[in-house]
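J.: Top to bottom, those sequences are chains A, B, C and D.
Per the numbering used here, the first sequence starts with residue 23, numbered consecutively.
Per the numbering used here, the second sequence starts with residue 23, numbered consecutively.
Per the numbering used here, the third sequence starts with residue 23, numbered consecutively.
Per the numbering used here, the fourth sequence starts with residue 23, numbered consecutively.
Since the hints were made in silico from the structure, they are not lab data.
Some clues are possibly wrong.
To be verified - Simulated restraints on C-beta separations:
#, chain 1, residue 1, chain 2, residue 2, range
1, A, Asp52, D, Asp52, 30 to 38 Å
2, B, Gly38, A, Gly102, 43 to 51 Å
3, D, Gly105, A, Asp34, 38 to 46 Å
4, B, Asp52, C, Asp34, 26 to 34 Å
5, B, Gly38, C, Ser104, 37 to 45 Å
To be verified - Heads up, simulated EDC-like pairs for lysine to aspartate or glutamate below, C-alpha to C-alpha not over 16 Å straight-line:
#, chain 1, residue 1, chain 2, residue 2
6, A, Lys101, A, Asp52
7, C, Lys35, B, Asp34
8, D, Lys35, D, Asp71
9, A, Lys35, D, Glu69
10, D, Lys35, A, Glu89
11, C, Lys101, D, Asp87
12, B, Lys123, D, Asp87
13, C, Lys35, B, Glu89
14, A, Lys101, B, Asp34
15, A, Lys101, B, Glu85
16, D, Lys123, B, Asp52
17, A, Lys101, B, Glu89
18, C, Lys101, D, Glu85
19, C, Lys35, C, Asp71
20, D, Lys79, C, Asp71
21, B, Lys35, B, Glu85
22, D, Lys35, D, Glu89
Remember, predicted model here, so these are calculated numbers, not experimental data.
Built from N, CA and C at the ideal position, the CB exists for glycine as well.
4 protein chains.
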Amino acid sequence: MTLMEFSIIPLDKGAGLSEYVARALTIIDDSGLDYRINPMGTVVEGEWDQLLNLLTKCFRALEKDSERINIQVKFDYRKGVSGAINSKIRSVQEKAGRRLKI
Amino acid sequence: MTLMEFSIIPLDKGAGLSEYVARALTIIDDSGLDYRINPMGTVVEGEWDQLLNLLTKCFRALEKDSERINIQVKFDYRKGVSGAINSKIRSVQEKAGRRLKI
Amino acid sequence: MTLMEFSIIPLDKGAGLSEYVARALTIIDDSGLDYRINPMGTVVEGEWDQLLNLLTKCFRALEKDSERINIQVKFDYRKGVSGAINSKIRSVQEKAGRRLKI
Amino acid sequence: MTLMEFSIIPLDKGAGLSEYVARALTIIDDSGLDYRINPMGTVVEGEWDQLLNLLTKCFRALEKDSERINIQVKFDYRKGVSGAINSKIRSVQEKAGRRLKI
Numbered sequence: 023m024t025l026m027e028f029s030i031i032p033l034d035k036g037a038g039l040s041e042y043v044a045r046a047l048t049i050i051d052d053s054g055l056d057y058r059i060n061p062m063g064t065v066v067e068g069e070w071d072q073l074l075n076l077l078t079k080c081f082r083a084l085e086k087d088s089e090r091i092n093i094q095v096k097f098d099y100r101k102g103v104s105g106a107i108n109s110k111i112r113s114v115q116e117k118a119g120r121r122l123k124i
Numbered sequence: 023m024t025l026m027e028f029s030i031i032p033l034d035k036g037a038g039l040s041e042y043v044a045r046a047l048t049i050i051d052d053s054g055l056d057y058r059i060n061p062m063g064t065v066v067e068g069e070w071d072q073l074l075n076l077l078t079k080c081f082r083a084l085e086k087d088s089e090r091i092n093i094q095v096k097f098d099y100r101k102g103v104s105g106a107i108n109s110k111i112r113s114v115q116e117k118a119g120r121r122l123k124i
Numbered sequence: 023m024t025l026m027e028f029s030i031i032p033l034d035k036g037a038g039l040s041e042y043v044a045r046a047l048t049i050i051d052d053s054g055l056d057y058r059i060n061p062m063g064t065v066v067e068g069e070w071d072q073l074l075n076l077l078t079k080c081f082r083a084l085e086k087d088s089e090r091i092n093i094q095v096k097f098d099y100r101k102g103v104s105g106a107i108n109s110k111i112r113s114v115q116e117k118a119g120r121r122l123k124i
Numbered sequence: 023m024t025l026m027e028f029s030i031i032p033l034d035k036g037a038g039l040s041e042y043v044a045r046a047l048t049i050i051d052d053s054g055l056d057y058r059i060n061p062m063g064t065v066v067e068g069e070w071d072q073l074l075n076l077l078t079k080c081f082r083a084l085e086k087d088s089e090r091i092n093i094q095v096k097f098d099y100r101k102g103v104s105g106a107i108n109s110k111i112r113s114v115q116e117k118a119g120r121r122l123k124i
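Sequences and hints are given; from them, build the entire structure.
T.: Below, the structure written as structure tokens:
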């Protein structure tokens, strides 16, 4: 499976963006895929095609009323690994030997 | 149209990656889309679906013999704008009032 | 203040990276700055110079035994705003009108 | 040495950003470091501290009249390698066995 982190920023809406972020997050929450939001983006776990479909839905939802949109995406693909959305955090906490802020 | 910049890094192949980068670049060059390579990634111009199809082809080409792959992608969508792969550079050179290194 | 999200990936260590991630996270946790880890990176809040100093410390800690390192960083600067590491998530949840997965 | 690619986007200036990009590019061009602009960002080669100083100068130049700024940065550090701003492109062209668009 693959982890995808992304953020979508319309550039013609001024400095307050939470309305547009919320629109994308509603789509993500409805997708049924496991995800976590953080202050700089959202991490979703799924198969490659599921993730690109979700990204497309979010883009389409903002494209309809934005002139210019900036999207940043990172993928972390690991063959044969699932549940990484939880296990990566567990694994680094164990290696660090301390409880970290999640 | 949309500009997409991306880089694909297999994490289980050591520090020398040009063979894998070349594999992706051959796919990009064959796609017929306009693109430019730079020392940190490749910028391609196209419609959203064309760009995601190209990204998927590059991912599939590396997935077959990599355990772990990191992909970084940025999109710059501008409604009604095409040819931005050239015009953005022209535009900033004019605004800067000098010739910049391309 | 500024939010910085970053991830540091040594490219010559194979597919298992949690030991190196843990080394950086220990430095972040010791810094006294507020932070949150997520499955794809770490978000830290601070003044610009504090954030770049922290990034440098993490880089130096991995540089000493890595041949090649890839670092990805995003900054979100908002004039006159502090506590964004918490308030951004609150704000999008309110706008979405539902509880989202953190 | 290290390659740094970055883009700086003020979020409160609307969809036309070339004036702000040009302001940063003038600083980069004056820095004396080797760089290349591309349609999605600028790649600069230098030592770690030189690169962070340059990034700070560009941030300060936009911070003075922006409420909110998004910055995206990637670093590619290779121990003992210099001139990568040219050699990376040469190397992938050789591996691809064809002339690619720069």
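J.: Checking each numbered hint in turn, tell me which of them this model violates, lowest number first.
T.: 1, 2, 6, 8, 9, 12 and 19
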